[in-house]
Amino acid sequence: MVAFDNTILSLLIFRDADLRQGSSGQKVEYARERVLGLVQEIEDAREQVAVPAPALSELLVTDGVDVQDVLTTLRGSSFIRI
Amino acid sequence: MPGEEIYELYIDSFTPETIPMARLADYMASFAELLGHREHVHFGKLKPGSLRVAARVDEIAQPKVDKRVDEVRYGGGPQPARKALTEIDDKLAEDNAVGRIIRGTAKLIEFPGKTRHVEEKLGPIEQPGTLDGEVIQIGGRDETINVHLKAGEQIYICVTSKTIARSLAPHIFSSAIRVRGFGTWARLESGAWILKRFQIAAFESLDQTPLSKVFEGLRARLAPPEAGRMNPVDLMRQLREE
Chain A
41 MVAFDNTILS LLIFRDADLR QGSSGQKVEY ARERVLGLVQ EIEDAREQVA
91 VPAPALSELL VTDGVDVQDV LTTLRGSSFI RI
Chain B
662 MPGEEIYELY IDSFTPETIP MARLADYMAS FAELLGHREH VHFGKLKPGS
712 LRVAARVDEI AQPKVDKRVD EVRYGGGPQP ARKALTEIDD KLAEDNAVGR
762 IIRGTAKLIE FPGKTRHVEE KLGPIEQPGT LDGEVIQIGG RDETINVHLK
812 AGEQIYICVT SKTIARSLAP HIFSSAIRVR GFGTWARLES GAWILKRFQI
862 AAFESLDQTP LSKVFEGLRA RLAPPEAGRM NPVDLMRQLR EE
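Note that the protein sequences, when read in sequence, are chains A and B. Quick note, the first sequence lines up with residues 41 to 122 if you use the numbering used here. Quick note, the second sequence lines up with residues 662 to 903 if you use the numbering used here.
Hints were generated in silico from the structure; no laboratory data involved. For every residue, glycine included, the Cβ atom is placed at its ideal position computed from N, Cα and C. Mixed in with the good hints there might be a few duds.
Here are the in silico distance ranges between beta carbons for each label pair [as the list claims (entries may be wrong)]:
id	chain 1	residue 1	chain 2	residue 2	range
1	A	Gln66	B	Ser822	33 to 43 Å
2	B	Gly801	A	Gly104	25 to 35 Å
3	A	Asp106	B	Ser835	27 to 37 Å
4	B	Ile855	A	Leu78	55 to 65 Å
Computed footprint of chain B on chain A, listed as stretches where at least three residues anywhere in the stretch have a Cβ under 8 Å from a Cβ of chain B [said to hold, decoys possible]:
id	segment
5	52 to 62
6	77 to 89
7	111 to 118
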């Protein structure tokens, strides 16, 4: 089982999230595409993803999040464990 | 014979003269299970000095055996092969020995045996939790009903009430469910936790939508507010620094 932290989850569910690195804040190229590639690998292997409760709670404080929708969707999936 | 590949199980605490025959048979059974493909794996010989059990693998099966050993080495592979790996290490620990599997000059798998880290046994511990799986059996003659839940290669044997068992019945051999309840767990010396008992108090059906579609759906619905917002990743970084 693979666990996703808040950064990976943000890239997966917020289309305006992007990843920057270093003191210059340089954008990480193709960060979302790489994460989507990982998700596809996990899906092909029919494995589950663990979402640690602290990472999930961080996600839920982001502006514009429908808390109930996120919780219902993640809790109800056969491939995700909180 | 030409074309054959030789795998050896090395055990440091025995020689061919000192190992009891029954113990040798135990090691050979587990070694054979680890290599698999039994119709193409043959006993070679016992080598002198510290014990080395040689197995000959027919050319036709070599890629499959190589793959199996390689997968087991990194914690994967078929369940019987993984079990055989654990059994060999357990036997070595009991015999105050260490061992390894060798192919040619390559040491493929090291068995720590007597030198392995031993965890303190813990439990039984009872705590609330969940299990995911497919119901494959429901039955019982008294008020406690046994429910067998299959999760991959693992079978969890749970108990529940007649009322919940009746609700579970339509889900047998069907889609995955998540059961909630109280589990009784124990930690073995190997560090692995085993489930002794799980009392099901409730359950729910699980959505089978592929993982990529789950996230795609959320991404489509969770649009940023019209007024915009800070990059969510930067927001988290900022919150953590405060």
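Going down the list of hints, with the structure as the test:
1. A/Gln66 - B/Ser822: 33 to 43 Å: violated (59 Å)
2. B/Gly801 - A/Gly104: 25 to 35 Å: violated (49 Å)
3. A/Asp106 - B/Ser835: 27 to 37 Å: holds (30 Å)
4. B/Ile855 - A/Leu78: 55 to 65 Å: violated (31 Å)
5. 52 to 62: holds (count 9)
6. 77 to 89: holds (count 6)
7. 111 to 118: Contact hint for the segment 111 to 118 of chain A vs chain B: holds, 5 residues under 8 Å.
In terms of the numbered hints stated before, the structure departs from hints 1, 2, 4, listed from lowest to highest.
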